[in-house]
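Listed below are the residues making up each chain.
There are 2 protein chains.
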Amino acid sequence: MNKQENIISVKEAVEIIQSQVEDFGEYIEGSFDSLHKILAQNIVADRDFPAYDNVRMDGIALKLESIQKGVKTFKIQGIQAAGSPAMLLENEQNCIEVMTGSILPKNTDIVIQYEWISIKNGTATLNFEAFDKQQLSYFKNIQAKGFDKKAGSELIKKGTRISSAEIGILATVGTQNLVVKDQPKIIIISTGDELVAVSETPKNYQIRRSNVFALQAILQENGFESSTDHIADNKIVLKEKIASHLKNYDVLLFSGAVSKGKFDFLPEILQELGVKKLFHKVKQRPGKPFWFGKKEKKTVFAFPGNPVSTYVGCLKYFLPWVNKSLGIDNKTKTAILAKDFDFKPKLYYFLSVSIEEKNGQRYAIPQKGKGSGDLANLANADGFLELPAERTNFKKGEEFPIILFRK
Amino acid sequence: MNKQENIISVKEAVEIIQSQVEDFGEYIEGSFDSLHKILAQNIVADRDFPAYDNVRMDGIALKLESIQKGVKTFKIQGIQAAGSPAMLLENEQNCIEVMTGSILPKNTDIVIQYEWISIKNGTATLNFEAFDKQQLSYFKNIQAKGFDKKAGSELIKKGTRISSAEIGILATVGTQNLVVKDQPKIIIISTGDELVAVSETPKNYQIRRSNVFALQAILQENGFESSTDHIADNKIVLKEKIASHLKNYDVLLFSGAVSKGKFDFLPEILQELGVKKLFHKVKQRPGKPFWFGKKEKKTVFAFPGNPVSTYVGCLKYFLPWVNKSLGIDNKTKTAILAKDFDFKPKLYYFLSVSIEEKNGQRYAIPQKGKGSGDLANLANADGFLELPAERTNFKKGEEFPIILFRK
Numbered sequence: 022m023n024k025q026e027n028i029i030s031v032k033e034a035v036e037i038i039q040s041q042v043e044d045f046g047e048y049i050e051g052s053f054d055s056l057h058k059i060l061a062q063n064i065v066a067d068r069d070f071p072a073y074d075n076v077r078m079d080g081i082a083l084k085l086e087s088i089q090k091g092v093k094t095f096k097i098q099g100i101q102a103a104g105s106p107a108m109l110l111e112n113e114q115n116c117i118e119v120m121t122g123s124i125l126p127k128n129t130d131i132v133i134q135y136e137w138i139s140i141k142n143g144t145a146t147l148n149f150e151a152f153d154k155q156q157l158s159y160f161k162n163i164q165a166k167g168f169d170k171k172a173g174s175e176l177i178k179k180g181t182r183i184s185s186a187e188i189g190i191l192a193t194v195g196t197q198n199l200v201v202k203d204q205p206k207i208i209i210i211s212t213g214d215e216l217v218a219v220s221e222t223p224k225n226y227q228i229r230r231s232n233v234f235a236l237q238a239i240l241q242e243n244g245f246e247s248s249t250d251h252i253a254d255n256k257i258v259l260k261e262k263i264a265s266h267l268k269n270y271d272v273l274l275f276s277g278a279v280s281k282g283k284f285d286f287l288p289e290i291l292q293e294l295g296v297k298k299l300f301h302k303v304k305q306r307p308g309k310p311f312w313f314g315k316k317e318k319k320t321v322f323a324f325p326g327n328p329v330s331t332y333v334g335c336l337k338y339f340l341p342w343v344n345k346s347l348g349i350d351n352k353t354k355t356a357i358l359a360k361d362f363d364f365k366p367k368l369y370y371f372l373s374v375s376i377e378e379k380n381g382q383r384y385a386i387p388q389k390g391k392g393s394g395d396l397a398n399l400a401n402a403d404g405f406l407e408l409p410a411e412r413t414n415f416k417k418g419e420e421f422p423i424i425l426f427r428k
Numbered sequence: 022m023n024k025q026e027n028i029i030s031v032k033e034a035v036e037i038i039q040s041q042v043e044d045f046g047e048y049i050e051g052s053f054d055s056l057h058k059i060l061a062q063n064i065v066a067d068r069d070f071p072a073y074d075n076v077r078m079d080g081i082a083l084k085l086e087s088i089q090k091g092v093k094t095f096k097i098q099g100i101q102a103a104g105s106p107a108m109l110l111e112n113e114q115n116c117i118e119v120m121t122g123s124i125l126p127k128n129t130d131i132v133i134q135y136e137w138i139s140i141k142n143g144t145a146t147l148n149f150e151a152f153d154k155q156q157l158s159y160f161k162n163i164q165a166k167g168f169d170k171k172a173g174s175e176l177i178k179k180g181t182r183i184s185s186a187e188i189g190i191l192a193t194v195g196t197q198n199l200v201v202k203d204q205p206k207i208i209i210i211s212t213g214d215e216l217v218a219v220s221e222t223p224k225n226y227q228i229r230r231s232n233v234f235a236l237q238a239i240l241q242e243n244g245f246e247s248s249t250d251h252i253a254d255n256k257i258v259l260k261e262k263i264a265s266h267l268k269n270y271d272v273l274l275f276s277g278a279v280s281k282g283k284f285d286f287l288p289e290i291l292q293e294l295g296v297k298k299l300f301h302k303v304k305q306r307p308g309k310p311f312w313f314g315k316k317e318k319k320t321v322f323a324f325p326g327n328p329v330s331t332y333v334g335c336l337k338y339f340l341p342w343v344n345k346s347l348g349i350d351n352k353t354k355t356a357i358l359a360k361d362f363d364f365k366p367k368l369y370y371f372l373s374v375s376i377e378e379k380n381g382q383r384y385a386i387p388q389k390g391k392g393s394g395d396l397a398n399l400a401n402a403d404g405f406l407e408l409p410a411e412r413t414n415f416k417k418g419e420e421f422p423i424i425l426f427r428k
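As you go down the protein sequences, you meet chains W and Y in turn.
Quick note: the first sequence uses the working numbering, first residue 22, plus one each step.
Quick note: the second sequence uses the working numbering, first residue 22, plus one each step.
The following block holds chain W by itself, in its conformation from the complex:
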């Protein structure tokens, strides 16, 4: 039997993972804490927009008909301030000074900006040299009540990821609390006896834990909270702790212990704990021994322990899965390869690149990094260009999907 047989393609891995989305429910959030959350209800206009005939220029309000009849000079009856009830124009020979944001005074239907008039002794005179009479029209400089939206019309669709614009809209319509999508409970777990705490000085055969923190930061950037744990390469301890995490979390993200090593217990233990393997190994570099499985509604992503494998695995597989679970579209971004690049193995390759934008195009410049899989090589990179497995030569000017990890 060919050992390569069970290795699936990246496309197959994505399809399997995306077929395993879950719903994590909804909860009520305060509007001002809802940035980046996913709206689980529609937001409708509580009243017309604008809510009243809204003055959009500082100047005078009057009757257009009076101008058409030849009146040029209007007595100022008073000032309509923003935030005050509508005044009434008592006489069509008069005008009322109006301020931007105020309600249009009753019995008026045009606002003439200060730039077009002169005011003297309580009288406003139209300065016809400053403008052409043709520019005057009914409701000029006024936004009519309901011009934008009628009361009850939909302003923000269910499923929208709340941005700063939506925060403003929620305030406008007086939404103080709203139903948003709940997030999965996520734990990120490292394994590997060579790992020590960040605060420790490693011995010459040890390194510090870093993968879980990089992953936690990816999640944080995308608005997700997570816990972390580290488990020793001991089968009994691993099994006990993982059993407990499967009870308490919706998603387990592992780093390490999925390869062929003597202490790579994870695939075995997960299956013993009833997590069904959906695949193990993907035709990709880095990250080939990636293991993915499900136990009822619990989802397990077990990435190999190489730091870049774990990092790119989280971006390529976990994030699109959680986004789809929450109902967010995963838009594919692409970039243009800025110079020829060769990659011999028949594996899908996540090429570490920096990005330059030029003429509305995103260009991907392959990093000179030695590709050891160490996170240190990512300090000068902005993303991973995704090069298909079936090819070995990639030409300058060709377009490929890209995963970006910087703001």
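Worth flagging that the hints you see were computed from the coordinates, not collected in a lab.
Please note: incorrect hints may appear among the correct ones.
One copy or any two copies: either way a pair holds, since identical chains are not told apart in the list.
As the list claims (entries may be wrong) - Pairs of lysine-lysine residues, derived as BS3-like cross-links and limited to a Cα-Cα distance of at most 27 Å, are as follows:
| hint | residue 1 | residue 2 |
| --- | --- | --- |
| 1 | LYS379 | LYS352 |
| 2 | LYS389 | LYS179 |
| 3 | LYS365 | LYS161 |
| 4 | LYS302 | LYS281 |
| 5 | LYS417 | LYS379 |
| 6 | LYS154 | LYS365 |
Dock chain Y against chain W, hints included.
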């Protein structure tokens, strides 16, 4: 005297603002709280990367010379686990099983993966059918100590905005605290007596406060904290409160009271308080009456109260200023106009657009919105395409700068 004389162009406004950057100092932050902060020190490798000759495949370690001499079968002397001190290969006829992440045993110089050997009765036999002898080379499947970086070499440059990748690197080198750029103290202040609290039901001539919350969310998305205030259209109260805010904050962002209205006291009060006007009015729509000034190290952006004016002003003027102040490059993004668009007034126009990515290109689709300046129109938009003042016809396929406000 021509009243238009003092209106400056968007380009001039940007230049004046960018000439007024400030330094807000530095402070010490915990590494795990530093996501999106700006590094104010270099981060160097505390030791070589990798820190030891690092096994990158599960398999056996041995001497390459032995294979070259024709040895095919090696007695397994023991297992080198990750996280254990280096074992010593006692006999060159032997091998040691090694696990990914472990230190290379002493007296070995090649790792042969499990896929290429068979193990029986404590002996490993090279399976020459599985591979070509040419594929064997000195240090195969091993990353030599210091291969990536030498101890003391620079890993992350001062001035880098910390992403998830840097969080991983900081953990790797054991950085628990680091010096980052401090942020300005920012307050966002609305004016306008037509505004009521979000929790209130507005009367028919009132609207709810929304601009300050949209701006606060923009700042939050970019990692900045801010306070908010609302001040009534009363000259005495305004002056008193603004005097106090000028003492307590580095940056004041205003929404409203900068136009020609009877209650637009802001330019006058700011000058009375010693804030020097650097400009008032920009040839743009929306947001023409934008006022900008300085008092020593305090910076005042006073945007007109129209919600979209305030919103786009914050994105176009404040954010690049604060980024430059912190030492971050402001990279101009561009997009391709997806259909012809006309805009008659000789003003720089911030056209509300949605974005589609296609073939590595960003396309900007003008929104049908009625352009009233209401935030509700932004729910379907992704950004503002920046159309120059001197033109009126813009053609499909042309490229313009773009301001994006969604993730």
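Here is what the structure says about each hint:
no., hint, result
1, LYS379 x LYS352, "both (21 Å within a copy, 10 Å between copies)"
2, LYS389 x LYS179, "between (44 Å within a copy, 21 Å between copies)"
3, LYS365 x LYS161, "between (68 Å within a copy, 17 Å between copies)"
4, LYS302 x LYS281, "within (11 Å within a copy, 68 Å between copies)"
5, LYS417 x LYS379, "both (15 Å within a copy, 18 Å between copies)"
6, LYS154 x LYS365, "between (74 Å within a copy, 18 Å between copies)"
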